[in-house]
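Enquirer: Could you put together the complete structure from these sequences and hints?
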Amino acid sequence: MSEHHHKETFVTKYIFSQDHKMISKQFLVTGMFMGIIGVFMSMLFRMQIAWPEKSFSIIEAFLGPHQTDGVMNPDMYLALVTIHGTIMVFFVLTAGLSGTFSNLLIPLQIGARDMASGFLNMLSYWLFFISSVIMVISLFVEAGPASAGWTVYPPLSALPQAIPGSGAGMTLWLVSMAIFIASSLIGSLNYIVTIFNLRTKGMKMTRLPLTMWAFFITAIIGVVSFPVLLSAALLLVFDRSFGTSFYLSDIFISGEVLHYQGGSPVLYEHLFWFLGHPEVYIVLLPALGITSEIISTHSRKPIFGYRAMIGSIMAIAFLSTIVWGHHMFVSGMNPFLGSVFTFTTLLIAIPSAVKAFNYITTLWKGNLQLNPAMLFSIGLVSTFVTGGLTGLVLGDSALDINIHDTYFVVAHFHLVMGVSAIFGMFAGVYHWFPKMYGRMMNKTLGYWHFWLSIICAYGVFWPMHFIGLAGLPRRYYTNTNFPMFDDLSDINVVITLFALVGGFGQIFFIANFFISIYRGKKATQNPWNSNTLEWTTPVEHIHGNWPGKIPEVHRWAYDYSKRVDPKDDDSDYLHGQDFVLQTTPLLDGEDPS
Amino acid sequence: MLALFYIFIAVAIGVSFWQITRIMNLRSVIATDKDNATQGKNAIYFMVFLYAIMIYCLIFMNVIMLPESASFEGEHDDNLFDITFWLIGVVQFIMQFLIFFFTFKYKGEKGKKAKFYADSHKLEAIWTITPAVVLVVLIGYGLWQWNNIMDLSDAENPVVIEVYSQQFRWDARYAGEDNTLGLGNVNYIKGINTLGVDMTDKNSQDDKQVTELYLPKGRKVHFKFRSQDVLHSAYMPHFRAQMNCVPGMVTEFGFTPKYTTEEMRGQSEVIEKTAGINKIRKAKGEDPYVFDYVLLCNKICGASHYNMQMKITVVEPAEYDKWIAEQPTLASVIK
Ligand code: HEM
Ligand SMILES: [Cu+2]
Ligand SMILES: [Cu+2]
Chain A
1 MSEHHHKETF VTKYIFSQDH KMISKQFLVT GMFMGIIGVF MSMLFRMQIA
51 WPEKSFSIIE AFLGPHQTDG VMNPDMYLAL VTIHGTIMVF FVLTAGLSGT
101 FSNLLIPLQI GARDMASGFL NMLSYWLFFI SSVIMVISLF VEAGPASAGW
151 TVYPPLSALP QAIPGSGAGM TLWLVSMAIF IASSLIGSLN YIVTIFNLRT
201 KGMKMTRLPL TMWAFFITAI IGVVSFPVLL SAALLLVFDR SFGTSFYLSD
251 IFISGEVLHY QGGSPVLYEH LFWFLGHPEV YIVLLPALGI TSEIISTHSR
301 KPIFGYRAMI GSIMAIAFLS TIVWGHHMFV SGMNPFLGSV FTFTTLLIAI
351 PSAVKAFNYI TTLWKGNLQL NPAMLFSIGL VSTFVTGGLT GLVLGDSALD
401 INIHDTYFVV AHFHLVMGVS AIFGMFAGVY HWFPKMYGRM MNKTLGYWHF
451 WLSIICAYGV FWPMHFIGLA GLPRRYYTNT NFPMFDDLSD INVVITLFAL
501 VGGFGQIFFI ANFFISIYRG KKATQNPWNS NTLEWTTPVE HIHGNWPGKI
551 PEVHRWAYDY SKRVDPKDDD SDYLHGQDFV LQTTPLLDGE DPS
Chain B
594 MLALFYIFIA VAIGVSFWQI TRIMNLRSVI ATDKDNATQG KNAIYFMVFL
644 YAIMIYCLIF MNVIMLPESA SFEGEHDDNL FDITFWLIGV VQFIMQFLIF
694 FFTFKYKGEK GKKAKFYADS HKLEAIWTIT PAVVLVVLIG YGLWQWNNIM
744 DLSDAENPVV IEVYSQQFRW DARYAGEDNT LGLGNVNYIK GINTLGVDMT
794 DKNSQDDKQV TELYLPKGRK VHFKFRSQDV LHSAYMPHFR AQMNCVPGMV
844 TEFGFTPKYT TEEMRGQSEV IEKTAGINKI RKAKGEDPYV FDYVLLCNKI
894 CGASHYNMQM KITVVEPAEY DKWIAEQPTL ASVIK
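Protein chains in written order, with our numbering: chain A, 1 to 593; chain B, 594 to 928.
Calculated from the structure, these hints are not laboratory results.
None of these values were measured; they are calculated from a predicted model.
Hints may contain errors.
[Stated by the list, open to error] To spell it out: a stretch of chain B is covered by chain A in this simulated footprint if at least three of its residues, at any positions, have a beta carbon under 8 Å from a beta carbon of chain A; those stretches are:
id	stretch
1	749-758
2	783-797
3	808-817
4	865-872
[Stated by the list, open to error] Calculated from the model, a selection of chain B residues having no Cβ within reach of chain A, i.e. all distances over 10 Å:
id	residue
5	Asp628
6	Met647
7	Phe674
8	Asn900
9	Lys915
Think of the CB as a built atom: it goes at the ideal place given N, C-alpha and C, for glycine as much as any other residue.
Expert: Structure, rendered in structure tokens:
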């Protein structure tokens, strides 16, 4: 590919680019844009919770017909929550995270000139772009966007009589998601094929950096589960538009009996969560992969338990496809199924615990370079542990029965997947920014950004557990109709203040990101003294990644601080420095570890 | 409050911009020893902050939480919850300590060498097996309790009640003398027959439709849930009970009330929580609150989801018998 120089125009270079590095940047910027919308929405609805039915001019300005005198309408509250959830989970943390880093890193870290199919890769981005545009357009539909929760359970999502957002807004939601799924599938297939086939000489599967393993397994989960969501969505389209009754039965609404007979919403729940649960790992695993790489590099230590890490990724991936029922303990499904799902769900704690302990052991006796990327990775481990532990409560059907759909759940999943994955994404951006833009991000702003984010993340989500234990259901426009929740109002104000500060705090990141693209300090080839292949490519992007031959790989990715005498911590570095590029041949008699 | 809020935002934005422009001129990009030292210390400060809010919430938010279970079945839930919560609490404190303390302790310095430590089968075995053993206990107790609450077959002479949901209200139907509910279907909804009860079914005749739940203390209550439009969920937090109401299907759940409403009002946790609430209500000039059990909707169901509730009153069996006898049968209401 690098041999024949094809002419590049502005359009082929920046818009319809087939170069994985450009596509990755397109994913990132689109994801960031969607992220700003999603976070902004959460700030708006948090204001409603803290100061119920108080008038705000910013609500008046942004919500147009969906507010009365600066107070958002209950329908709109639900719409904001729904679109916030959808955008965050799918657009930011699936496409924005996987799309960005799989595209950037897969060819670079396995030693390939590009993805297996540059064209499909481009297609994947543009489908994602179109689906984002449709999702944004749905915000401007007259009756409001989809409002049945990000899980869009029918019958609520199927009947415009039940909630206005289930009209045109919901149609656009479904169209957008169908296109999104197509994009995600094309992308995933491309990642799988590329990792299987295009590894450079010497890059055995057992020498792949953990990022590659994480992206690889994530893509497999995506291919297994996203089609099921697509079918679920299609059947919902049939029920909505063509009079079928897959999910609907015996409904009386707005004074009439509808014709639907024999369907069941529980079927939809099964289909949805068959994707929905793996989806949280689709969100999380890439972040964990990124963290493994960053913690190892910046600790100047090999990742502890490389094989155990791969094993636990695989175990998590496998288990993630057989636990979906823990979202349905009180759905009316057979209690025996509940027992099975409790069992499989709690098993996931084991590989997750292994990962957490391995991260902590990697920090132990390290020489930690506390760059922003490293801090965000450490932050991820912290929030992953906090959020993961409450999974033991929710996964237990006997306990879930009392806290299902309360704020306890909201706190749990935000910490374990929301905040953790966002932190992984930030860590990745700080770490690979030099690879993307050839410049460095400012570290002082990075520090501000990190500390503000983690303080606010805990400030928002830690107290939220207790609101849930007080019995407050989620997706409530306000809790003022229940005097038993009156004593939660102060806490709700505190949470909202943290949310607002945390939201605004992202300005540090956005400013740093965009200013650094143009004015950041020029990067050196291997700024973090890392071992992996991407740092052997030139700083300036070229087609085909390496100017000459693709380098050959001789070792795994984690020979940091390798010693002459492995038993003696005071002995000299075997290779004269504390890192050894994967391209460095083994010395005579060197233990390949 | 509002003015304060706007001032706060304006200041935040102002400070951010000022800081950002100032900082972007410092072209330092990679952590130096000095940064490592500062950030290491920050990790400790943060750990203190984290411990502070964790402990603060654990202690001071006890009063806002739900009081002890008001159903016999829920006792084991509370037990299991306590065990799980203590366990994860301890693990949480240890793990967070390790994370942030290591960040501080092993912060990078020039000339320091990291330990080359890639593997240890012994350690890995330890942290695979330990969680596994702990889980056996949790799973075991959890499954036993799950069977306990979901098994409705062995109750003698339960009170059978249908809880009926629609946008945005709850109704209930008691099974009457024969303790069997008559059939229901949306096709029968007409006029005052709002629950769509099949009045040709002989079991329907003595059923009694009410808008509030009365439950006898100490007798098993067997709930059957129906919905006429979208999904709802009948959530009775004080009894540790919840079940979705699904159109086209009847779902079930049961429990045995342990305290009457009166008894619960005299319970110390409830008194404390009520006092806290009433202090707030008084400041706002609202009527005082008196404790009652409630049933809330806990599945998103439309605009007024947040206001879909039904009062539950638990009374002594004798009083319950009196109350239920006073309610008219469907046959006498629907002609
Ligand atoms: C600024 C940070 C964020 C804040 C303050 C925030 C706040 C909230 C709150 C309070 C809710 C529950 C509202 C309700 O149930 O009434 C919610 C829902 C949700 N959030 Fe976030 N969130 C934030 C970031 C994220 C992130 C990073 C994710 C990514 C996973 C995420 C995913 C979701 C999802 C999936 C829901 C559920 C939506 C639904 O109920 O349908 N959020 N958010
Ligand atoms: Cu799940
Ligand atoms: Cu509801």
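Enquirer: Decide, hint by hint, whether the structure agrees.
Expert: Against the structure, the hints come out as follows:
no.	hint	result
1	749-758	violated (count 0)
2	783-797	violated (count 1)
3	808-817	violated (count 0)
4	865-872	holds (count 3)
5	Asp628	violated (6 Å)
6	Met647	violated (7 Å)
7	Phe674	violated (6 Å)
8	Asn900	violated (5 Å)
9	Lys915	holds (28 Å)
Hint compliance for this structure: hints 1, 2, 3, 5, 6, 7, 8 are broken, all remaining hints hold.
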